[in-house]
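Using the sequences and the accompanying hints, generate a full structural model.
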Amino acid sequence: MITTTILNLFYSVVNLILTPVRLLPEATLPVDFTDAVAQVGQYIQPLNVVAPIATLGAIIALFLTIEGFIFLWKGINWLLRRLPTQS
Amino acid sequence: MKKIILTILISVLLFGGFVSQAEAQTVYSQITEWGHRTTLFVSASEELLLQDSIILDVFYEGEPSIVLQSTMGGMLWMGLGATREIIGTGHSRFSWDTSQIQMMRDSIAQVRASDPSVFITFGIGFTSPIQGTRFLGTVEYTAENRAIWFNNFGHLTGPDTLVGTIPIPTIAIEPPPEPPPPVLICEPLDIVCHIHNWFNTSVVNTLRWLFVPSQVALQQFAGIWDTVAGRVPLGYFALIRENLQNITEGTGGAYTIPSIPIFGTIRTSISILLWVFFGFWLIKRIAGMTI
Numbered sequence: 504m505i506t507t508t509i510l511n512l513f514y515s516v517v518n519l520i521l522t523p524v525r526l527l528p529e530a531t532l533p534v535d536f537t538d539a540v541a542q543v544g545q546y547i548q549p550l551n552v553v554a555p556i557a558t559l560g561a562i563i564a565l566f567l568t569i570e571g572f573i574f575l576w577k578g579i580n581w582l583l584r585r586l587p588t589q590s
Numbered sequence: 023m024k025k026i027i028l029t030i031l032i033s034v035l036l037f038g039g040f041v042s043q044a045e046a047q048t049v050y051s052q053i054t055e056w057g058h059r060t061t062l063f064v065s066a067s068e069e070l071l072l073q074d075s076i077i078l079d080v081f082y083e084g085e086p087s088i089v090l091q092s093t094m095g096g097m098l099w100m101g102l103g104a105t106r107e108i109i110g111t112g113h114s115r116f117s118w119d120t121s122q123i124q125m126m127r128d129s130i131a132q133v134r135a136s137d138p139s140v141f142i143t144f145g146i147g148f149t150s151p152i153q154g155t156r157f158l159g160t161v162e163y164t165a166e167n168r169a170i171w172f173n174n175f176g177h178l179t180g181p182d183t184l185v186g187t188i189p190i191p192t193i194a195i196e197p198p199p200e201p202p203p204p205v206l207i208c209e210p211l212d213i214v215c216h217i218h219n220w221f222n223t224s225v226v227n228t229l230r231w232l233f234v235p236s237q238v239a240l241q242q243f244a245g246i247w248d249t250v251a252g253r254v255p256l257g258y259f260a261l262i263r264e265n266l267q268n269i270t271e272g273t274g275g276a277y278t279i280p281s282i283p284i285f286g287t288i289r290t291s292i293s294i295l296l297w298v299f300f301g302f303w304l305i306k307r308i309a310g311m312t313i
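If you're matching them up, the sequences are chains Z and A in order. Numbering-wise, the working numbering comes out as the position in the first sequence, counting from 1, plus 503. Numbering-wise, the working numbering comes out as the position in the second sequence, counting from 1, plus 22.
Simulated from the structure, these hints should not be mistaken for laboratory data. Positions of the beta carbon are idealized from the N, C-alpha and C atoms, including for glycine. The reader is advised that the hints may include incorrect statements.
To be verified - Stretch by stretch, here's where chain A covers chain Z in the computed footprint (C-beta under 8 Å, at least three residues):
{"#": "1", "segment": "532-541"}
{"#": "2", "segment": "554-566"}
{"#": "3", "segment": "580-587"}
Stated by the list, open to error - Restraint ranges, calculated between C-beta atoms of paired labels, are given here:
{"#": "4", "chain 1": "A", "residue 1": "Phe302", "chain 2": "Z", "residue 2": "Ala541", "range": "53 to 63 Å"}
{"#": "5", "chain 1": "Z", "residue 1": "Ile520", "chain 2": "A", "residue 2": "Leu211", "range": "56 to 66 Å"}
{"#": "6", "chain 1": "Z", "residue 1": "Leu567", "chain 2": "A", "residue 2": "Leu240", "range": "30 to 40 Å"}
Okay, structure coming up:
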C-alpha cells in the first residue's frame with residue numbers, strides 16, 4: 504500500500520506536469536518538407552558509393568549537438584548573471 | 023501497560039487479517055478488470071507476397087461497449103508479421119466513435135529488419151478512459167523493397183469484450199497473484215504451529231500489503247512517454263530525425279554512380295579524415311571555451 508501510494512502519487516505528479524503537453528497538437532511535418540528531404544536524399548544517396556554520407560551526417564549531428572549545448576550553457580549563465588545578487 | 027500491549031497485539035492480529043482479505047479483493051478486482059488482453063490474430067493459409075502495400079482493417083461494432091481505462095498506461099496496438107526481410111513505412115489509425123471521446127492518431131514507423139520473425143507494431147497510447155461501441159483500426163504498410171512475405175497479420179490487442187468471429191486466445195499480462203502462505207492444520211495445543219500460522223496469515227500479509235506495489239501501479243508508467251513524444255514541439259525532433267535518417271539509410275537514388283574498387287578506399291579515407299578533423303575541432307573548441 505505504501506509503495507503503491509508513493510508510485511501513484513509520483514504518477515499523478517508526472518501526469519499533472521505533462522497535462523499542458525497533452526493539450527498541444529500532434530506534431531506533423533509539412534508535406535513540402537518531407538518531399539524536399541526525400542528529394543535531397545535521392546540525389547545524395549548515390550554519392551554514398553564514394554563519400555561517407557552516414558559519417559558526415561553523424562559528425563554534423565554531433566557538431567550541432569555540441570554547439571547547441573554550449574549555446575544553452577552560455578544562455579543559462581547569462582540569465583544567472585542577470586540576477587541581482589550575482590555579478 | 024499490559025492492557026495497552028494486549029490491545030496493540032489484538033489490533034495487529036485483527037488488522038492483519040482484515041488487510042489480507044481487503045488486499046485479496048483488490049487484487050482480484052484488478053485482475054478481472056485488467057488482467058487479460060484479447061488478441062485478435064488472423065493467419066493466412068499461405069504466404070502472401072506483397073508487391074506494393076497492404077491495408078489491414080479491423081472493425082468492431084456492437085454491444086457490449088468497449089471500455090479502456092487509463093490507470094494501466096494502456097497501449098492498443100496492431101501489427102504485421104513477416105517471414106522475410108522487410109523495409110518500409112507504415113501508418114496506423116485508430117478511432118473510437120463515441121459520444122464522449124473521439125480520438126485518432128497517426129503514427130509512422132519505418133522498419134528495417136532482417137530477423138525473419140520480426141513483428142512490426144503500430145500503437146497508440148492512451149491515458150484517459152475510452153469508451154465506445156464502435157472501433158476502427160487500420161494499418162497501412164508500404165514496402166520499399168517491393169517484396170514482403172506476410173504469413174500472418176492483424177494482431178490487435180484490446181479488452182476482453184473485443185470479440186470477433188476469429189478464435190481469440192486470451193493471454194494474461196497481469197502475473198497471477200502470489201499464492202497465500204500455506205496454512206498448517208494445527209493441533210489445538212500446538213502453540214508453535216499456531217504462531218506460525220498467525221505469522222503467515224497476519225504479519226506476512228500485512229507486510230506484503232504495505233510494501234509490495236501492485237502491478238497496475240508499476241505498469242501505468244509504461245505508456246507515459248508515448249503520450250508526449252508525438253506532441254509539439256518534441257514530436258518535431260523525432261519526425262525530423264526520422265526524415266534525415268532516410269537520407270543516409272534510404273535505398274535508391276535519382277542517378278547511379280558506377281562502383282569502382284578504388285571508391286571504397288577513398289570512402290574509408292574520407293571517413294577517417296572527417297573523424298580526425300572533428301576530433302581536432304572538438305579539442306580546440308573545448309580548450310578555447312570560456313565559462
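Going down the list of hints, with the structure as the test:
1. Figure legend: the segment 532-541 of chain Z, annotated as covered by chain A; annotation consistent (5 residues with Cβ-Cβ distances under 8 Å, at least 3 required).
2. Coverage of the segment 554-566 of chain Z by chain A holds [criterion: at least 3 residues with CB-CB distance below 8 Å; count 10].
3. Residues of the segment 580-587 of chain Z lying with their CB closer than 8 Å to a CB of chain A number 1, which falls below the three-residue condition for coverage.
4. Range check, Phe302/A to Ala541/Z: Cβ separation about 34 Å, and the 53 to 63 Å hint is violated.
5. A beta carbon spacing of about 60 Å between Ile520/Z and Leu211/A agrees with the range 56 to 66 Å that was offered as a hint.
6. Checked against the hint of 30 to 40 Å, the C-beta distance between Leu567/Z and Leu240/A comes to roughly 37 Å, which is consistent with it.
Consistency with the previously given hints fails for numbers 3 and 4, ordered from lowest to highest.
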